[in-house]
Amino acid sequence: MSEILVLVDHVDGAVRKPTFELLTIAKRLGEPSAVFIGGADKADAAAEAVKKYGAEKVYVVDDTEIKGYLVAPKAEVLQQIAAQANPAAILITSGAEGKEIAGRLAIKLESGLITDAVDVQEGPVTTQSVFAGNFTVKAKVTKGTPIITVKPNAAAPEESAGAGAVEKFSATISDSAKKAQIVASQPREATGRPELTEAAIVVSGGRGTGGNFEPVENFADSLGAAVGASRAAVDSGWKPHAFQIGQTGKTVSPQLYVAAGISGAIQHRAGMQTSKTIVAVNKDEEAPIFELVDFGVVGDLHTVLPAATAEVTKRKG
Amino acid sequence: MNIVVCVKYVPDATADQKFESDNTVDRVTVPGLLSELDEYAVEQSLQLKEKNADPESVTVTALTIGPDQAADAIRKALQMGADKGVHVVDDAVAGSDAPATSKVLAAAIEKLKGDGGVDVVVCGLGSTDGAMSVVPAMLAERLDLPQITLASVVESQGDQFRIKRDGDTATEVIGATAPLVLSVTDQSGEARYPSFKGIMAAKKKPLDTWSLSDLGVDASEVGLDAAWTAVESTEARPPRTAGEIVTDEDGSGATALVEFLASKKFI
Ligand SMILES: Cc1cc2nc3c(=O)[nH]c(=O)nc-3n(C[C@H](O)[C@H](O)[C@H](O)COP(=O)(O)OP(=O)(O)OC[C@H]3O[C@@H](n4cnc5c(N)ncnc54)[C@H](O)[C@@H]3O)c2cc1C
Ligand SMILES: Nc1ncnc2c1ncn2[C@@H]1O[C@H](COP(=O)(O)O)[C@@H](O)[C@H]1O
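Sequence order for the protein chains is A and B.
Numbering-wise, the first sequence is residues 1 to 317 according to the numbering used here.
Numbering-wise, the second sequence is residues 1 to 267 according to the numbering used here.
It is worth saying that the hints were derived from the structure and are not from the lab.
Computed from a prediction, not measured in an experiment: that's the story for all the values here.
Among the clues, some could well be false.
What the hints assert, rightly or not - With a cut-off of at most 25 Å between alpha-carbon atoms, the simulated SDA-like pairs for lysine to any residue come out as follows:
id	chain 1	residue 1	chain 2	residue 2
1	A	K314	B	F260
2	A	K52	A	E31
3	B	K265	B	V231
4	A	K283	B	K205
5	A	K316	B	A53
6	A	K178	B	D250
7	A	K17	A	A88
8	A	K108	B	K264
9	B	K18	A	K67
10	B	K264	A	P288
11	A	K276	B	D250
12	B	K265	A	L256
13	A	K17	B	G167
14	A	K140	B	A226
15	B	K111	B	K265
16	B	K264	A	V137
17	B	K18	A	A265
18	B	K51	A	K314
19	A	K52	A	K143
20	B	K49	B	K264
21	B	K265	A	G224
22	A	K67	A	V166
23	B	K265	A	G95
24	A	K314	B	S57
25	A	K143	B	K49
26	B	K205	B	K18
27	B	K18	A	V137
28	A	K138	A	V166
29	A	K143	B	K265
30	A	K276	B	K51
31	A	K178	B	A262
32	A	K140	B	F19
33	A	K314	A	P288
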């Protein structure tokens, strides 16, 4: 069976959940091989983690020489591993960085690229959600090695022990790949809540919060949810951009999405329309968000959410 | 300094976007406009010009690939303040995927280099229709330039550039020396509206139309048939069935909401 390369998405060696989803998808397509580009001292732990989700092989690339540079060196690493492994597909997480690595790699390998897949099945045939989630598209790569970036939550990670054979790979990085330098990096502050794109439940607040996110946050915490925001809330400075859901923010597809004080503009819908269940609280019964909901409350979020929070807490005992 | 800003003509997102029978995006019957996200790219290009010690020495060229109507996107960029426009239009281009689009853009930029080099290629964060956000990275790869992409803040001094980028897990400062490819987000600063003076001035600005043969790109390398990916099917998402809507009265809304969540096993 052919190898399927999975680029490991990690923070300082801690493997992120979407990688386990990619490995689960890779198993459908062939033999999963993880590619870990990171600190040599973190490699063993990362290899252990990916092995649990079916990685038969783990290519370990020490990033000492390249970690200070944006995107381009990682594309070179993958190009060189692909030349050796001749994989049947390459899977990368659909984040900002993942998509750009994939873009450069596609040109290098003269291979077709599909981004933002929400499902990948044998073929590989991908499913994408386009035009603000209004259309579902199935597609295939027709040239070279299929390169696919996959959105978080595209598969439920399944544990399955792989051989996890570690292979140290030393890549040759060109000078021109080292021209965009990461001068400073400020890790995102931990919120103590689930990661927005990975969460099963997301509770978002918009302009209707009037800047007071406490009801939104408390309700989120009662449900064990992540907190999101509309662009109006972000532009008002109430939440950092990392919280923004929508066309120019994050796309989420949780089991449950709660929109509080959000009107439901097309650009916001683009980021949440594929959620399984949608709930809204809005004081305007004409708000377009109500066209999308499974359940809606016409009311003031400042009274509805605190009362609902108290009720949830009581039920959970 | 020469700046090339890549702008795309896209179907209006507030109109009903749809597909043609060959599964390509309908760019003809659906009304189009300059992609809102590329307005931010035009804005930053103009700011780079205005902040330059000698603004007159800076030329901002707006570049688009697209059907005849795409000239509207260039015109809007000229009205905002770009100095000249280049419109690549060729029947063979229809249906191109991102690798082919980046190939034609790269060829056009190579040709523009003939007039004294290109220092900065500015892109938007993504097209509002395809929304892959990969063309800037592909352009950087093809032109062998550093990419400083997804900038929310852009600073420059001479040929030195610094941007702030909200990455997936960290906020980063990225630095590079021009020539380079820059892409900017909608956080980078509101785009200006064309002034009356701008609209009048735009009428006199040069707008060149190039075909693939002007660029030395073979028609067989682009378009739907040459795409490296193929769409097998497109399907409109079934409309959501109307949900239950209740009006809150003295706390009834919260109770009903929690009942609903419990019935769906979220609690
Ligand atoms: C290029 C572009 C990209 C964009 N990208 C995004 C994006 O990624 N994400 C995004 O969200 N938007 C995006 N937008 C903006 C989008 O068009 C809307 O402007 C935005 O989503 C509005 O946010 P909102 O719903 O919070 O605010 P509003 O539209 O002002 O709605 C506020 C809602 O709150 C309700 N309300 C007020 N008070 C209360 C109360 N006490 N209790 C309950 N309800 C209350 C009101 O009835 C109203 O419906 C983008 C726009 C453009 C042009
Ligand atoms: N047909 C085109 N003409 C000009 N610029 C384009 C075109 N397609 C994409 N771009 C540029 O590339 C950016 C990202 O596009 P995309 O990768 O398609 O999401 C856009 O914001 C534009 O700046």
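How the hints compare with the structure:
Our distance criterion of 25 Å between C-alpha atoms is met by K314(A) and F260(B), whose separation comes to about 16 Å. The straight-line distance between the Cα atoms of K52(A) and E31(A) is roughly 14 Å, inside the 25 Å bound, and the hint therefore holds. Of the pairs offered as hints, the one joining K265(B) and V231(B) is violated, with about 37 Å between alpha carbons and a cut-off of 25 Å exceeded. Distance hint between K283(A) and K205(B) is unfulfilled; the C-alpha atoms sit about 49 Å from each other, more than 25 Å.
A hinted pair counts as satisfied when its Cα atoms are at most 25 Å apart, and K316(A) with A53(B) does not qualify at roughly 64 Å. Only pairs whose Cα atoms come within 25 Å are accepted, and K178(A) paired with D250(B) is rejected, the gap being roughly 62 Å. Taking the CA atoms of K17(A) and A88(A), the gap is near 23 Å; set against the 25 Å cutoff, the hint holds. Distance hint between K108(A) and K264(B) is unfulfilled; the C-alpha atoms sit about 47 Å from each other, more than 25 Å.
Proximity of K18(B) to K67(A) is assessed by CA-CA distance (about 42 Å); at most 25 Å being required, the pair is judged violated. Annotation: proposed proximity of K264(B) to P288(A) holds, straight-line Cα distance about 23 Å (limit 25 Å). The straight-line distance between the Cα atoms of K276(A) and D250(B) is roughly 29 Å, outside the 25 Å bound, and the hint therefore fails. Restraint check for K265(B) and L256(A): satisfied, since their Cα atoms lie roughly 11 Å apart, inside the 25 Å limit.
Taking the CA atoms of K17(A) and G167(B), the gap is about 17 Å. The hint holds against a cut of 25 Å. With a C-alpha separation of about 14 Å, the suggested pair K140(A) and A226(B) falls inside the 25 Å cut-off, and the hint holds. Among the hinted pairs, K111(B) with K265(B) is inconsistent with the structure: their alpha-carbon atoms are about 61 Å apart, more than 25 Å. Under the criterion of a C-alpha separation no larger than 25 Å, the hint pairing K264(B) with V137(A) is inconsistent with the structure, at around 29 Å.
For a cut-off of 25 Å, the pair hint linking K18(B) to A265(A) stands: about 19 Å separates their Cα positions. A hinted pair counts as satisfied when its Cα atoms are at most 25 Å apart, and K51(B) with K314(A) does not qualify at roughly 59 Å. For the hint pairing K52(A) with K143(A), the CA-to-CA distance comes to about 32 Å; that exceeds 25 Å, so the pair is violated. Restraint check for K49(B) and K264(B): not satisfied, since their Cα atoms lie roughly 56 Å apart, outside the 25 Å limit.
Of the supplied pair hints, the one linking K265(B) and G224(A) holds, its CA atoms being roughly 13 Å apart against a limit of 25 Å. A hinted pair counts as satisfied when its Cα atoms are at most 25 Å apart, and K67(A) with V166(A) qualifies at roughly 21 Å. With a C-alpha separation of about 30 Å, the suggested pairing of K265(B) with G95(A) is violated against the 25 Å cut-off. About 68 Å separates the Cα atoms of K314(A) and S57(B), which puts this hinted pair outside 25 Å; it is violated.
Of the supplied pair hints, the one linking K143(A) and K49(B) is violated, its CA atoms being roughly 41 Å apart against a limit of 25 Å. With a CA separation close to 34 Å, the supplied pair K205(B) and K18(B) exceeds the 25 Å bound. Using a Cα cut-off of 25 Å, the hinted pair K18(B) and V137(A) holds, with the two alpha carbons roughly 12 Å apart. Of the pairs offered as hints, the one joining K138(A) and V166(A) is violated, with about 35 Å between alpha carbons and a cut-off of 25 Å exceeded.
Distance restraint check for K143(A) and K265(B): the Cα-Cα separation of roughly 45 Å exceeds the 25 Å cut-off, and the hinted pair is therefore not satisfied. A hinted pair counts as satisfied when its Cα atoms are at most 25 Å apart, and K276(A) with K51(B) does not qualify at roughly 48 Å. For the hint pairing K178(A) with A262(B), the CA-to-CA distance comes to about 53 Å; that exceeds 25 Å, so the pair is violated. Among the hinted pairs, K140(A) with F19(B) is consistent with the structure: their alpha-carbon atoms are about 17 Å apart, no more than 25 Å.
Among the hinted pairs, K314(A) with P288(A) is inconsistent with the structure: their alpha-carbon atoms are about 32 Å apart, more than 25 Å.
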